[in-house]
Every structure is written in structure tokens, then in C-alpha cells.
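**Student:** Given the structure of chain U, go ahead and fit chain R onto it with the hints provided.
Number of protein chains: 2
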Amino acid sequence: MEARPAPASDQVPAPDLPGLRPRRTGYRRLPVQQRREQLIAVALELFASRPPEEVSLDDVAEAAGASRPLVYRYFAGGKQQLYEAALRTAAEELSGRFAVRLSGTPSEQLAAVLDGYFAFVAEHDAGYSALLRGGSVVETARTSAIVDDVRRAALRLTLRHLGVREAGPLLTLLVRSWISVVEGASLSWLDEGRALPVTELRDWLVDQFTAMAAATALRDPQTADVLAGLLALEGPDASRAARLREVLDVR
Amino acid sequence: MEARPAPASDQVPAPDLPGLRPRRTGYRRLPVQQRREQLIAVALELFASRPPEEVSLDDVAEAAGASRPLVYRYFAGGKQQLYEAALRTAAEELSGRFAVRLSGTPSEQLAAVLDGYFAFVAEHDAGYSALLRGGSVVETARTSAIVDDVRRAALRLTLRHLGVREAGPLLTLLVRSWISVVEGASLSWLDEGRALPVTELRDWLVDQFTAMAAATALRDPQTADVLAGLLALEGPDASRAARLREVLDVR
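Those protein sequences? They're chains U and R, same order as listed.
Note that our numbering has the first sequence beginning at 1, numbered continuously upward.
Note that our numbering has the second sequence beginning at 1001, numbered continuously upward.
Pulled out of the complex, with its shape left as it was, chain U reads as follows (with noise of 0.2 Å):
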């Protein structure tokens, strides 16, 4: 579903720019693009503090300081077109934290790109929970297209940073798995209330990363050659291996 061709400016009072949140006073009208965007924003604000079941169209309306048929006339399948469009626009914005220019050791890359998604995370809350725990009002195998779509460009941006060409299927098995425990925990993380400090759990993950592919390696020789090029370039950081090795010994 694709917002009908919108106006090229609207009819409905509309609030003072720069800033999304509405005032109450002096509104004018947007350019058709501007106020899409100004919905789909408000939209995101409103859809990241409450589950999407509590989130209505008046809502969106009313804090965009926008009438119920102007948003209909942008959003012609109403809440759920808008969230779908919102879903989008956040996926989007995921999706380029992802592809950033990193430098430093691999350990450090791979905490600078989990600081990314946990401050994407924070951001979007409520949000997030109600999309990756499943179950909801607005879930449908169109939103679940868009998040398995952020975990493909995970997948493809994990690789290419960590210089593979074309993955075997242990090696695909084991990103996948990182980023769905990256998932797992940053919804606990939520539920909790962030109670853990969001830079002990960033380094949790990045040593589960190691410690994963050290037992895909075990029966990969793929992921072995991946996780020796990574070690080898970790610097005074690959004493975290070694601590890995300490708590692994029987003797």
C-alpha cells in the first residue's frame, strides 16, 4: 500500500518548522514532502514511547497538530499504512548505521557498530520491543519482510567487514546467530529497564562474537582462517582471547 498521489502542498494548518513537535499556535501549511516526513517522524515518536496497539491515528494527528482526514489523505490505509511507513524510514536508518566507515582492531569496529544499533535501540524502545517480541496488532509478513531485510543487510555488512567474499554455511550460520543474540539481548536490555550498563553488555558481545566463531572454527576452516586474521590484527585487545583460553582450561 502506497500513500495515494498527495498535493502538492496541504490544506490543514500545520505547525511552525524547524522542530517536529507541534505547537499550538502559529501553524501553516507544509510542502506535500515535508509533511509527510513530519508525520511519519511524529509517527516514529509516538510508535517508539507506546506498544503500536496504543497508538492511534487522532494520536499521530493530534502531535503532529494535523486533522484525521489530512493524515488519511497521506496515509489512505490509515494506522497501519503509517506504521509500515514509519517501520521503513527506521529500518532505513538502521540499515546505514550498519554500513559505516570503521577503523581500529576488529574488536573495536565491532563495538563501535553495537554502540550504533544500542543507541538505535534506546531511541526507538517501545517500538522495537513490540516489532522483534512478536505478536502484535500491526505485524505482518510486510513488516516482518522489512526487519528479515535490516537482519539481510547485517548479514551482507558483517561479511564485508570482516572480508569474506562468499560465506559457507557454518560461517553464514554463525553471523546470523551473533546478530540474533545481538537481538535477544538488547531486548532484555529493555526489559530490564537498562539496567545493565549498555558498554558491559556491548562487551559481552563482542567477546561472544569471538568466542562463537572459535567454536564454528573448530569445525570450519573457513571461520578458522576468519578468526585467525582477526586475532592477528587485535593488537594488546587480543587479551581477551587469551582470557577466553583461561577460563576454558580443565587442567
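A couple of the hints might just be wrong.
Unchecked claim - In silico SDA-like pairs for lysine to any residue, Cα to Cα no more than 25 Å straight-line: (1) U/79 with U/49; (2) U/79 with U/92; (3) R/1079 with R/1036; (4) R/1079 with R/1089; (5) U/79 with U/147; (6) R/1079 with U/141; (7) R/1079 with R/1098; (8) R/1079 with U/53; (9) R/1079 with R/1108; (10) U/79 with U/115; (11) U/79 with R/1140; (12) R/1079 with R/1148; (13) U/79 with R/1162; (14) R/1079 with R/1093; (15) R/1079 with U/133; (16) R/1079 with U/142; (17) U/79 with R/1050; (18) R/1079 with R/1156; (19) U/79 with R/1144; (20) R/1079 with R/1129; (21) U/79 with R/1137; (22) R/1079 with U/140; (23) R/1079 with R/1054; (24) U/79 with U/168; (25) R/1079 with U/125; (26) R/1079 with U/144; (27) R/1079 with R/1050; (28) U/79 with U/164; (29) R/1079 with R/1163; (30) R/1079 with R/1059; (31) U/79 with R/1141; (32) U/79 with U/33; (33) R/1079 with U/49; (34) U/79 with U/41; (35) U/79 with U/125; (36) U/79 with R/1037; (37) R/1079 with R/1037; (38) U/79 with U/67; (39) U/79 with R/1080.
Note that these hints are calculated values from the structure, not bench results.
In this text, all values refer to a predicted model and were calculated from it rather than measured experimentally.
**Tutor:** For chain R alone, kept in the frame of chain U given last:
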């Protein structure tokens, strides 16, 4: 939604038992509880071989050798109610598999639980995929709650097998994360037409548990104790931990 109080025996000719696959001849009446179980078993079989949206109530009626009104008599909520009843039955069966008595080293015990899990996954194939992948038409807050119950049972029983009474946040995160890796791995396995030998996947998951526990032990004394205890019990299997140490050696 529960089925309305059902009569002592249904009024529609039913297939011969034993065996839940109907035969076209020799219909007879079934006692109520038996009919209910038969409908659920037939539904489970259909949901295992096709995505839920491709299974209709008529399909269930036909496969059960029953009429559509009879199926509605037992499941007034229609396909959704029948789906949820089938899911509940499958969830109980799966949780029961976690609760078995185990013997052998910790690795052997984990491998045995995983063998049971993969047998379940293989048996429920399409239904398992559709449910865990999200976005299915039959997915609701109720079906998600059933899936979460199974995850909680898996967490509780894993901790019990580990001899842990009260798990701290990192040990809980470790076990939850490992469970999500198991789920993801079994979905990948189905996706790829079961190309990876299931014993290889199982052993990979056993090693993942050790490796992920090691990464957690670095910063959590409780997990460090649990891991040391497990490794001490491994006996000859501790060679797997020794091999993990080798691939982590960067000198």
C-alpha cells in the same frame, strides 16, 4: 476461547481408529475427548506440512473424515482456535521433552536434549517455521505468549540441569541467548532443506554453549563457577574445550 461444552459423542460418522489418518470407509462415532484429540492431531499434521494460511478448516474436516459443522462444534472460534489448540498441544509436547531425566557428561546431556528438539522441529517443519518467523496470519498475542512459555520452560530447565537455583542477569542472558541461537539454527536448517547433517548442527550448538559460557564467565563469577563445574564433569569430552583454547591461541 475454549470449545463450547461438547456432547458425549459426536453425531457425524468418523473414521476407524486406531490411526489418525481417516479411511474413507467404515465411519463411526467418536467419544468427545477422542474426537477433539483427533481433530488437533489432524490439524497439527496439516500445519506441519504447509504454512497456516494455506490450511483451511475444510482441509481439517476432510482430513479428519468429519464435516465442517462438526469441526465448528468443537472449535467455535474456527481455524484460529483450532490453530491455537494445536499449538498448545505442540508446546506441551516440546516442554515435556526438556524435562526428561538425563545421564552422561554435561555435553552428552545437552546433545540428548538437542536431539529431542531437532526431532520435534523436523516433525513440525512448516508450522514451526511459520510460527517462529513472525508475520503469520495466525500469529496473535496469544500465540506469542505460548511460544514465550516454551522459551521460559527451556530457560528454567536448562538452569535446573546446570544446578543453578537463582541465576543472575548475565547467566540468564547467556542461557536465553543460547536458546535463541538454537531456534535460529533450527530455522536455518529447515530453510536450507536440512542440508547440514543434524548431528553436526547439534555438536556445533553444544560447543556454542561452552564458548558462550566462557565469554560470559570473563565478567560474571556465577557463570565462571558453572562453567568450571561443567568442564570438571566432562571427562574425555573436555578435549572439546581444549580445542576451543587452541583456535583462540594467537601466539
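**Student:** Among all the numbered hints in the text so far, which are the ones the structure does not match?
**Tutor:** The structure breaks hints 7, 9, 10, 13, 17, 18, 24, 25, 28, 29, 33 and 36; every other hint is satisfied.
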